[in-house]
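Chemist: Each chain, written out:
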Amino acid sequence: MRIGVITFPGSLDDRDAQRAIRLAGAEPVALWHGDHTLNNVDAIVLPGGFSYGDYLRCGAIASHSPIMSEVIDAANKGMPVLGICNGFQMLVEAHLLPGGLIRNDHGRFLRRDQMIRIENNHTAWTSAFDENEEIVIPLKNGEGGYIADQATLERLEGDGLVTFRYVGVNPNGSLNDIAGISNERRNVVGLMPHPEHAVEKGFGPNTEKAMRSGMDGLRFFTSVIAKVLA
Amino acid sequence: MSRHIADTVANAIATPEKEQPFAALGLKPDEYAKIREILGRRPTSGELAMYSVMWSEHCSYKSSKIYLRQFGQKVTPKMRERLMVGMGENAGVVDIGEGWAVTFKVESHNHPSYIEPFQGAATGVGGIVRDIISMGARPVAVMDQLRFGAIDHPDTARVVHGVVGGISFYGNCLGLPNIGGETYFDAVYQGNPLVNALAVGVLRHEDLHLANASGVGNKIVLFGARTGGDGIGGASILASDSFDSTGPTKRPAVQVGDPFAEKVLIECCLELYAGGLVEGIQDLGAAGISCATSELASNGDGGMFVELDNVLLRDPTLTAEEILMSESQERMMAVVRPDKLDAFLAVVAKWDVETSVLGEVTGTGRLVIHHGGEEIVNVDPRTVAIDGPVYERPVAYPAWIDALKADSAGALPRATDGTELREQFLSLVASPNLADKSYVTDQYDYYVMGNTALAFPDDAGMIRVDEESGLGFAIATDANGRYCQLDPYEGARLALAEAFRNVSMSGAVPAAVTDCLNFGSPENPEVMWQFMRAVEGLGDACLELEIPVTGGNVSFYNQTGDQPIHPTPVVGVLGIIDDVERRVPSAWQDEGNNIYLLGVTRTELDGSAWAGTIHQHLGGLPPQLSLDDEKNLAHLVQGAALEGLLMSAHDLSDGGLAQGLAECVTRFGIGARVWLDEIIERDGMDLTSALFSESTARAIVTVPREDDVKFVGLCEARGYPVLRIGVTDGTGPNAQLTVQDVFTVPVAEIRERSNATLPHYFG
Numbered sequence: 002m003r004i005g006v007i008t009f010p011g012s013l014d015d016r017d018a019q020r021a022i023r024l025a026g027a028e029p030v031a032l033w034h035g036d037h038t039l040n041n042v043d044a045i046v047l048p049g050g051f052s053y054g055d056y057l058r059c060g061a062i063a064s065h066s067p068i069m070s071e072v073i074d075a076a077n078k079g080m081p082v083l084g085i086c087n088g089f090q091m092l093v094e095a096h097l098l099p100g101g102l103i104r105n106d107h108g109r110f111l112r113r114d115q116m117i118r119i120e121n122n123h124t125a126w127t128s129a130f131d132e133n134e135e136i137v138i139p140l141k142n143g144e145g146g147y148i149a150d151q152a153t154l155e156r157l158e159g160d161g162l163v164t165f166r167y168v169g170v171n172p173n174g175s176l177n178d179i180a181g182i183s184n185e186r187r188n189v190v191g192l193m194p195h196p197e198h199a200v201e202k203g204f205g206p207n208t209e210k211a212m213r214s215g216m217d218g219l220r221f222f223t224s225v226i227a228k229v230l231a
Numbered sequence: 006m007s008r009h010i011a012d013t014v015a016n017a018i019a020t021p022e023k024e025q026p027f028a029a030l031g032l033k034p035d036e037y038a039k040i041r042e043i044l045g046r047r048p049t050s051g052e053l054a055m056y057s058v059m060w061s062e063h064c065s066y067k068s069s070k071i072y073l074r075q076f077g078q079k080v081t082p083k084m085r086e087r088l089m090v091g092m093g094e095n096a097g098v099v100d101i102g103e104g105w106a107v108t109f110k111v112e113s114h115n116h117p118s119y120i121e122p123f124q125g126a127a128t129g130v131g132g133i134v135r136d137i138i139s140m141g142a143r144p145v146a147v148m149d150q151l152r153f154g155a156i157d158h159p160d161t162a163r164v165v166h167g168v169v170g171g172i173s174f175y176g177n178c179l180g181l182p183n184i185g186g187e188t189y190f191d192a193v194y195q196g197n198p199l200v201n202a203l204a205v206g207v208l209r210h211e212d213l214h215l216a217n218a219s220g221v222g223n224k225i226v227l228f229g230a231r232t233g234g235d236g237i238g239g240a241s242i243l244a245s246d247s248f249d250s251t252g253p254t255k256r257p258a259v260q261v262g263d264p265f266a267e268k269v270l271i272e273c274c275l276e277l278y279a280g281g282l283v284e285g286i287q288d289l290g291a292a293g294i295s296c297a298t299s300e301l302a303s304n305g306d307g308g309m310f311v312e313l314d315n316v317l318l319r320d321p322t323l324t325a326e327e328i329l330m331s332e333s334q335e336r337m338m339a340v341v342r343p344d345k346l347d348a349f350l351a352v353v354a355k356w357d358v359e360t361s362v363l364g365e366v367t368g369t370g371r372l373v374i375h376h377g378g379e380e381i382v383n384v385d386p387r388t389v390a391i392d393g394p395v396y397e398r399p400v401a402y403p404a405w406i407d408a409l410k411a412d413s414a415g416a417l418p419r420a421t422d423g424t425e426l427r428e429q430f431l432s433l434v435a436s437p438n439l440a441d442k443s444y445v446t447d448q449y450d451y452y453v454m455g456n457t458a459l460a461f462p463d464d465a466g467m468i469r470v471d472e473e474s475g476l477g478f479a480i481a482t483d484a485n486g487r488y489c490q491l492d493p494y495e496g497a498r499l500a501l502a503e504a505f506r507n508v509s510m511s512g513a514v515p516a517a518v519t520d521c522l523n524f525g526s527p528e529n530p531e532v533m534w535q536f537m538r539a540v541e542g543l544g545d546a547c548l549e550l551e552i553p554v555t556g557g558n559v560s561f562y563n564q565t566g567d568q569p570i571h572p573t574p575v576v577g578v579l580g581i582i583d584d585v586e587r588r589v590p591s592a593w594q595d596e597g598n599n600i601y602l603l604g605v606t607r608t609e610l611d612g613s614a615w616a617g618t619i620h621q622h623l624g625g626l627p628p629q630l631s632l633d634d635e636k637n638l639a640h641l642v643q644g645a646a647l648e649g650l651l652m653s654a655h656d657l658s659d660g661g662l663a664q665g666l667a668e669c670v671t672r673f674g675i676g677a678r679v680w681l682d683e684i685i686e687r688d689g690m691d692l693t694s695a696l697f698s699e700s701t702a703r704a705i706v707t708v709p710r711e712d713d714v715k716f717v718g719l720c721e722a723r724g725y726p727v728l729r730i731g732v733t734d735g736t737g738p739n740a741q742l743t744v745q746d747v748f749t750v751p752v753a754e755i756r757e758r759s760n761a762t763l764p765h766y767f768g
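The listed protein sequences derive, respectively, from chains A and B.
Each residue of the first sequence is one higher than the last, beginning at 2 in this note's numbering.
Each residue of the second sequence is one higher than the last, beginning at 6 in this note's numbering.
These aren't lab readings, by the way, just hints derived from the structure by calculation.
Only a predicted model underlies this, so the values are computations on that prediction, with no experimental measurement involved.
All C-beta atoms in this analysis are idealised placements derived from N, C-alpha and C, irrespective of residue type, glycine included.
Take these hints with a grain of salt, some might be off.
As the list claims (entries may be wrong) - Stretches of chain A that chain B covers, calculated by requiring three or more beta carbons in the stretch to come under 8 Å of a beta carbon on chain B: (1) 82-91; (2) 119-126.
To be verified - Derived pair list, reagent style SDA-like, types lysine to any residue, alpha-carbon separation capped at 25 Å: (3) B:K33 - B:E531; (4) A:K210 - B:V732; (5) A:K202 - B:R371; (6) A:K210 - B:E531; (7) A:K210 - B:G737; (8) B:K355 - A:K210; (9) A:K210 - B:G597; (10) B:K83 - B:F673; (11) B:K39 - B:Q25; (12) A:K202 - B:L650; (13) A:K202 - B:L647; (14) B:K67 - B:E531; (15) B:K410 - B:E42; (16) A:K202 - B:K355; (17) A:K202 - A:A152; (18) A:K210 - B:K23; (19) B:K39 - B:Y396; (20) A:K210 - B:N599; (21) A:K210 - B:D385; (22) B:K23 - B:D385; (23) A:K210 - A:L24; (24) A:K202 - B:D471; (25) A:K202 - B:K23; (26) B:K70 - B:M537; (27) A:K210 - B:M537; (28) A:K210 - B:N739; (29) B:K355 - A:R16; (30) B:K355 - A:V30; (31) A:K210 - B:E472; (32) A:K210 - B:T736; (33) B:K39 - B:G370.
Make a model of the complete structure from these sequences and hints.
Modeler: Below you can see the structure in the form of structure tokens.
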């Protein structure tokens, strides 16, 4: 089981995604944005960061990187793809997911331990969760406000494509409290919070039980491993 | 547009009488005369530019050098044991074991951050991170020490928004966890905020790189961002001249940062190091190419030839002098062997980083720079970079200090009942310097890289270095300008002691020190006396604690008009922990644990947060300090942590026991019942002192009941004063802090007061 993590110029959480994949029991494969190969991976993670310094729009330049043509092909054929934070922004820019992400409504970069609800556990990346399960994973971004036109929002809601919703606090003004969505085939998932930072005791978010003990993010990766092996 | 013709060496020889604007460049007449003496002729305009920036206070340390030498002299063999690189390089390097080393340093970016807070603070982060990369290390953490004017002054929000936004923008975009730091408000910093930035890097021993140009024929390569017109003369003009409200605007001298360019540069450099493609490397910061070429050449064994026309420019109209002085960010200069140049260029191309070969190392002992085919610089590089002027400036015991010291807070009225103490407690909790700093720290990413074991509001930040073994480091910085105003010698020692204590509370063992010495004008003899005493104090205390200063920075001219800031030596201590899993958090997370107070409480309210907040008073003598007690406390906590006896450990400092308790109950919402009568009886003082005194070498720790006997036994065996003062109790909406027979405050109310202050002014 090989999961690729693509590094773009300005990617920051790429090594963290690799660690999460390793801790979940799969083999992380480092991929380079300038190559035209996916190196026989079974699934792909587009990691967080500030690819190309967020110039133009977040994720806009990276979505035209050479490797993205292979990513788009593979996604359209059903390969599981997860976009985290800047990776979510790339998926939107690449039109693999609808809508857009804009500056947080309060205008500041925000880091917090964020509760989200699993709205749909039938995607490639969420099958290990219960439906409506509430989990806590870190959030950290400046441009995480999800927007879409009314028709798109209705379709996302109606078709069960809203995968994650913010609970308690809407940290950035996202419409309908949307934290993440999937495509109709449910293989491509994007979200603003960071599951790869809630995979290891002592380094994750705070929980009721103990500080920095949250490991809810690990199940994103065990979900996809189960999906691929099934 | 006609091209500016540079002043050549031949021209300088031919026109010895030409008047030169040395004064406008910050050089004194005798310094200019010295340059003419060194060269045996007048300098060219390019040489004048180089000498002026490199001989500025900021680059040359000409006023501080004679004092800073102590840091290298007051050392024992034990202090050298872990020291791989000491003061003088871009940053000190400390051996932390298992083949790993850590490099760290704190630097100031005060003046640019007042003029242009966002870019000033952003490029402060960028600059210190490049120092770390230059040592061959991967940067792994940053932290910032920020001091602003009065929180309610109309200009403070402008500076806070800009500085915090700039650090957030640059640091987050670099992917470096921000794990600690300080945010402090005092009117003395109104016209001169302090923006200090610290960075830490990690490397394997064999990857250590030093800034020197050796090996005749090796290529000098400039890579990274292009050179533009930003920050020209910033080093000498901004950092060496205090603000004068009537002076001309200096805005264009502040540099503009591009964190994306720096992030790519980090990865590019690390790939170059991994491939063994670099012989020597230096970052470009203050004084740009002037500094990099002269320092690389000085530290090498020969000379250097540079063709300035090869510098890639953002603005083709820049003159040779401007190119030499430009402080454009995100640039590095490497020394590369000719046979490795192709491989070097391939790596740089992979990261889309622009590069040009400027010249090569020569055997002449001279730094020679050509522009437009003409020789415009021909100097002995050591005269530029190393043998600059050294001043023994006049010092004077401040006329006002005896009166200040005599004005003790002991005479201030104390609260007479529990209601008044409760209100004082809440006023302190809500005061700008003790209030919750989430407004600032929520804008920083501490998760990135996945190795952050502790971060604010813990006493120290902690980073895992080795994922297999758990080896890591902890770091904390502290400074107390109020104590230093009362007594700079003791104030500097107290800053070191507090940082030492904070690191020790986390379970780590302190190993090395960095400092950023922020002072007023060295031309003011009273300021120079403060500086002298602070450096003596810090040097003596380092010797006593046996941890060396490995590097740092001096920032003078921090004043508005004639009014200097309080002397503010920021001291950072780095500690080592064998396994970060044994870290000790600063606040308790469980009910039913016993709370112990370690150390002795005296009536020490002079210079305290209580005196400042409740009575707007500053006077008297700072708290007594025994570094033996500090060492004993550190050993005790480290020992108890090693045996797994501690659930939390929190250093007591600003605001005393009361503030320590407030931080421990608000962090995770676990309340406490505390009694003070036994402390008061044992140590002999009143309630106000028990709650708010800032006596040193104290901490509160929590211990599970089943480990009580073992813990108390450990304290008694080591002869350290210990007293059970309470128990953790209550959680959820009903949690409260009860100080028996004095007051009770719901945790929710403490939180509300603490959390409201910063958002009220800045949110």
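Chemist: Please name the hints from earlier in the document that this structure breaks, with their numbers sorted from lowest to highest.
Modeler: 1, 2, 5, 6, 8, 10, 15, 16, 17, 18, 21, 25 and 27
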